[in-house]
Amino acid sequence: MRSRRTALSLRLPQGLQVGPPDTGVGAPRGLVVARLLELRRVNAGGPREPVEGVVPGQGVPWAEGKEHLTTTYRWFLARWAKRLSWTETAAAFNTTWDNVFRAVKHAVLWGIAHRDLSGIEAIGVDEIQWRSGHTYLTLVYQISGAKRLLWVSHERTEQSLRRFFELLSDDVRTGIQFVCSDMWKPYLNVIAEQIPAAIHVLDRFHIMRNMNVAIDEVRRKEVAELRRDGWKPILTKSRWCLLKRPENLTDSQAARLADLMQYNLKSVEALLLREDFQRFWECVSPKRAAKFLESWCKEAMGSRLGPMKKVVRSLQRHHDLILNWFRASGTISSGVVEGFNGKAKLTTRKAYGFRTAQGIEFALFHTMGRLPEPEVTHRFC
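Just so we're aligned: 286 in this note's numbering is position 286 of the sequence shown, and the numbers increase by one with no gaps anywhere.
Some clues are possibly wrong.
Said to hold, decoys possible - Mimicking DMTMM-like on lysine to aspartate or glutamate, the simulated pairs with C-alpha atoms at most 25 Å apart in a straight line are: (1) K185 x E158; (2) K298 x D171; (3) K343 x D229; (4) K287 x D276; (5) K185 x D320; (6) K232 x E269; (7) K82 x E127; (8) K309 x E373; (9) K310 x D320; (10) K266 x E294; (11) K105 x E375; (12) K266 x E299.
No lab work stands behind these hints: they were computed from the structure.
Owing to the predicted nature of the structure, the values given are computational and were not obtained by experimental measurement.
Please model the entire structure based on the sequences and the hints provided.
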C-alpha cells in the first residue's frame, strides 16, 4: 500500500459565494479554497523490488503483453484469413486489416516455434517474383511426405539459401536425400556445399521453359528478318502455336501450326528440336539418357539457331545434374514445386495490402506452411 498527498487548488466561478456552513453568511466572491487529498494506491503485483522508470504489470491468461486482441480472437481471425483475403476478413468481422495481420503473425510465429522438422527426405528450391522489377523470394519446400513450405527469404543469393540450412540440425540435414532446383548458380553452389551427399535433380520444368524461351527468341528474330526482306508475315499470331505442346493446342491453333509446317522456317526447326528432346524423359536408365543427350546436343549444335545452341551449352554444363533425374528413379516430382509456386503467387494476391516484406513471409507460411495450432475447446472455423 502506498499513499501520496496531492494538493488541489479550486477557484469559484464569478458571482458564487461561500461562507461558514453554520452562519449562512457568504464569503467574499473569488475566495481560493485548498484541500489535501489522500490517494489510495494498490500494488497488485505483490511485493517486488522497485525499478526506476518501469511500471509494474500483471499478466492475464487471455492475452499477451500489450496486445489489445485476446489470444482466442487472434486465432479466430487467423483461421478465417486462410479462407478469405485479409481485407475481406477485416470487413466481415468489423475489424482492421492491421488486426488481421497481427493475428496471422501470431499464428505463424507460434506454429514455427512448435513445428517438427524431422523426417525431411526431399526438398525443392525455387524463386518467385513478387514485385515489379527484379524482386524475388527464395522458397524452400518439403516435396515428400508432408508437403509444405519450409523457408522464405527476400533475396535469391547464396546467403539467403544458406540461412535455411543453418537453422537445420545436423540430423535433419543429413537426412535429406533428394533436392530439386533450377540452374540458378547461387542455389547450385549452396546445395553442393551444405548437402553434398543428396541427389541433386534439375527441375524438368525449367529445362523445357529455357527451350521455349529459345524458340520464342528465334521466332521474334525471324519475324524481323521476314519483315525486313519484304516477305509475307506468315509468323503473325503464331507465338502460342509454337510454344504449346501439340496435345494442348486448340483446333484453330493446330490448323495454324499445320500451315506453318509447310514452310522452311527457323522457328519450325526450333520447335522440332524441342519435340525431339521430349523423348529424353522417356529413357529408362541414366546410361541411355546420356547417350540420347549427347546425340541431341550434337544435332542442335549443327543447326543455324543461336538461341538453341545456348540451351545446348547450358545442358552440357549441367550434364550430371540433369542425369540425376533418372538416378532418382521418379522418387521426386518437380510438379510439386511448380504447384507450390502457383499457390504462392495466388497468396500474394489474396493478401494484398501488406506494406512490408515481412508481411508476404507471414502470408506464405500461414497458407502453405502446414503449421501446427494449439488445442482448443471450441473451434469456429
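Quick rundown of the hints versus the structure:
| no. | hint | verdict |
| --- | --- | --- |
| 1 | K185 x E158 | holds, 9 Å |
| 2 | K298 x D171 | violated, 44 Å |
| 3 | K343 x D229 | violated, 46 Å |
| 4 | K287 x D276 | holds, 18 Å |
| 5 | K185 x D320 | holds, 15 Å |
| 6 | K232 x E269 | holds, 19 Å |
| 7 | K82 x E127 | holds, 22 Å |
| 8 | K309 x E373 | violated, 52 Å |
| 9 | K310 x D320 | holds, 18 Å |
| 10 | K266 x E294 | holds, 22 Å |
| 11 | K105 x E375 | holds, 18 Å |
| 12 | K266 x E299 | holds, 14 Å |
Comparing the model with each numbered hint stated earlier shows that hints 2, 3, 8 do not hold.
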